[in-house]
Structure formats: C-alpha cells, structure tokens
Amino acid sequence: MLLFIPYFVYSQEYFLLDSLKTRFRVNEYMLDTQEIYNIKKNINVYNVFVSKNSILLISVLPDLNEKILPGMDERGQNWELIDYEKIKNKFFSKRKLQNMLQDWLINNSPDKKTIQYKLVKKQNENYYVSKMCLTEFFSISDLKFPLVSSYGTINIAEQKVTIQEMAENFKQQFPEKNFIMDVRNGILNKQLDALYSFRNYLSKEYTIKGNKAYQFWTFDGWWTHDGYNEHRGIDRFLYIPDKGIVGGSYDFYFMLKPKTSSNDYFTVSTSKLWDNIMNEKIMVAKELN
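If you're matching positions, the sequence shown starts at 471 in the working numbering and goes up one per residue.
Don't take every hint at face value.
[What the hints assert, rightly or not] Derived DSSO-like pairs: lysine-lysine, alpha-carbon spacing no greater than 27 Å straight-line:
1. Lys660 <-> Lys751
2. Lys560 <-> Lys614
3. Lys582 <-> Lys566
4. Lys591 <-> Lys558
5. Lys556 <-> Lys491
6. Lys601 <-> Lys679
7. Lys491 <-> Lys537
8. Lys756 <-> Lys682
9. Lys522 <-> Lys510
10. Lys630 <-> Lys641
11. Lys727 <-> Lys751
12. Lys756 <-> Lys679
13. Lys564 <-> Lys614
14. Lys679 <-> Lys630
[Stated by the list, open to error] The following label-pair restraints were derived from C-beta to C-beta distances:
15. Thr730 <-> Gly680: 44 to 50 Å
16. Ser563 <-> Glu505: 36 to 42 Å
17. Trp744 <-> Asn681: 29 to 35 Å
18. Lys679 <-> Ser611: 21 to 27 Å
19. Leu571 <-> Ser731: 45 to 51 Å
20. Gly680 <-> Lys614: 23 to 29 Å
21. Tyr676 <-> Pro616: 38 to 44 Å
22. Gln572 <-> Ser489: 15 to 21 Å
If you're looking for bench data, these hints aren't it; they were derived computationally from the structure. On a predicted model such as this, the values are computed, not experimentally measured, just so you know. Using N, Cα and C, we set each Cβ at its ideal position, and we do this for glycine too.
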C-alpha cells in the first residue's frame, strides 16, 4: 500500500487572474471582516461571469495565523510572492477549466466547494499567490413557485424564508433532532436518510445605492469532524444583478483552529457565529459603502 500513497496527495493547481479576465468578465470586491468577525482583515472576492447566468466565485481569505510586527498593516496580507517559473505549468488549461465548469453546471453540490485551488495575480512585474482560497459555483435564475431551484442557484424570484423561520419550522417537524445549522451543537453526523434537501434560500431584498440587492443563505450543516467545513462555502451572501455577489459570510473559515497553527491563531466563538447566523449578518463590499 505504501507504494500508492503519493497518488493521494493532490498537486496544487492555480487560476491565473489575468487569464480569467481575458476570457471572462470579472468583478472584484473587498470585504471587511471587522463588520461581523471582530478582526481587521480583508477578503478579496472575484465574480467570474463564465456565462450570463453562471458565476465562478473565488474568495481569497485572510491569513488568521499571520504575525503582525510593529509598523506593519494590522490587516496583514492575503497574498505572498511566488516564483512564476515554478508554477507556470500548473495553471488550469482552457479545456480543464471548461470541463470543471460544465460539471458544476450539470451537477452542483456542496462537496464541490473547495479550498484546493489558489489564485495568482500579477502586480508590478511580480506574481503573487493567494494564501487561502475558496472556489465555488453559482447559477442565476428567476424560477417562480411552485418550481424549486436546485442547489447553488441564486433564484431571485422564489418565496422568501429567513433562517429564524427555518429553525422554528425544523424544530416543529423534527422535534427530536438538533437544528443542523446550530454551530453550538458541535459537529453532527450527517443523516443519510434525511428527507430534506440542502439548498440556497432567498431571505430578503433591499436597495443599496439604487441597486436592488438580494440576500441569500445556505441550508446545510456542520459535518466535517477534522478540518474546514468548506462545503458550507459563502454561507450567507448578497447578490446584485450584473454586479454579482457583493457581500457575504464565511463562518466555516473563522470557526476552525487548524492543528498546525500557532497559539495566536484567530477564531470566532460558536456563540458569536450563532448570533451571526440567526441575525443573518454579512459583510458588504467596501465599494458599495
């Protein structure tokens, strides 16, 4: 068996931002984590419009283990310098990217959200790679009731449901079970015989600087016992037509303290995360403030 172990170690793959911008429209936004996580960091969000009704969302997450020395920007850096020659053959090819997008479009599911890939950008003749990067895919629609949209769909025409309403309804229908979104319950065992589906729900809509914005949340649980619950992805998010996803939350990332991290690694308490969830708190792009 030892002879086969190397094949289970994935090879790091990269998106080249300039290449994505050449092929697709890319809208960039910056989120301030201070808004809901009480730490001064930034999240870089890239909406890659792979089609009129499809978004490849790439979120560059902050380094929560970074030691900030005196005189340094306390927000730290989400990127680090990289030798382009060492990675130039590891970028997604046009064909492989197209196949991945097609697979996502045909059968999107929580397990396809991933922190496996990284984003590379060129700046002042140097190349920088993201330290931590979340990649996920969304379809956009306006299906009306009684049609129900599938997982990963931003359906701006569906009936509104808040997380509070879902929690109350879940308790009524499953009085013996823990509410799967309650992070205070710890990591739960996924019920394979569950009769409900994981999906994105429209919660509210409002106007930001003359733009109609739609806020969504993701109905899913905390299943990963040893590692990030990245299947939750950007679990609450704000969408504006033509602009893309312009706000959101990344509770899964701020909950975990990796085993290899230092004692100074920043995490958010489960009680704080639960308050964020029930009150549907999100960060909104600085560009819209």
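Results for each hint:
1. With a C-alpha separation of about 25 Å, the suggested pairing of Lys660 with Lys751 holds against the 27 Å cut-off.
2. In summary, the hint linking Lys560 to Lys614 is not supported, as the alpha carbons are separated by about 42 Å, beyond the 27 Å threshold.
3. Of the supplied pair hints, the one linking Lys582 and Lys566 holds, its CA atoms being roughly 15 Å apart against a limit of 27 Å.
4. Proximity of Lys591 to Lys558 is assessed by CA-CA distance (about 12 Å); at most 27 Å being required, the pair is judged to hold.
5. For the proposed pair Lys556 and Lys491, the alpha carbon gap of about 22 Å is at most 27 Å, so the pair holds.
6. At roughly 33 Å between alpha-carbon atoms, Lys601 and Lys679 are farther apart than 27 Å, so this suggested pair is violated.
7. For the suggested pair Lys491 and Lys537, the alpha carbons sit about 33 Å apart, so the restraint of at most 27 Å is broken.
8. Between Lys756 and Lys682, the direct Cα distance comes to roughly 17 Å. Compliance with the 27 Å bound is thereby established for this hinted pair.
9. With a C-alpha separation of about 34 Å, the suggested pair Lys522 and Lys510 falls outside the 27 Å cut-off, and the hint is violated.
10. Between the alpha carbons of Lys630 and Lys641 the distance comes to roughly 19 Å, so the proposed pair stays at or under 27 Å and holds.
11. A distance of roughly 22 Å separates the Cα atoms of Lys727 and Lys751; the hinted pair therefore holds under the 27 Å criterion.
12. For the proposed pair Lys756 and Lys679, the alpha carbon gap of about 13 Å is at most 27 Å, so the pair holds.
13. Our distance criterion of 27 Å between C-alpha atoms is broken by Lys564 and Lys614, whose separation comes to about 35 Å.
14. Distance check on the hinted pair: Lys679 and Lys630 sit about 22 Å apart at the alpha-carbon level, within 27 Å; holds.
15. Checking the proposed 44 to 50 Å range against Thr730 and Gly680 shows it holds: the Cβ atoms sit about 46 Å from each other.
16. Against the hinted window of 36 to 42 Å, the Cβ-Cβ separation of Ser563 and Glu505 comes to about 38 Å, which satisfies the hint.
17. In this structure the supplied range 29 to 35 Å holds for Trp744 paired with Asn681, their Cβ-Cβ distance being about 30 Å.
18. For the hinted restraint 21 to 27 Å between Lys679 and Ser611, the CB-CB distance of approximately 25 Å keeps it satisfied.
19. As the Cβ distance of Leu571 to Ser731 is approximately 33 Å, the hint placing it in 45 to 51 Å is violated.
20. Roughly 25 Å separates the CB atoms of Gly680 and Lys614, a value that falls within the hinted 23 to 29 Å.
21. One distance hint, 38 to 44 Å for the beta-carbon pair Tyr676 and Pro616, is violated here, with the actual separation near 26 Å.
22. Restraint check, Gln572 to Ser489: a C-beta distance of roughly 18 Å satisfies the suggested window 15 to 21 Å.
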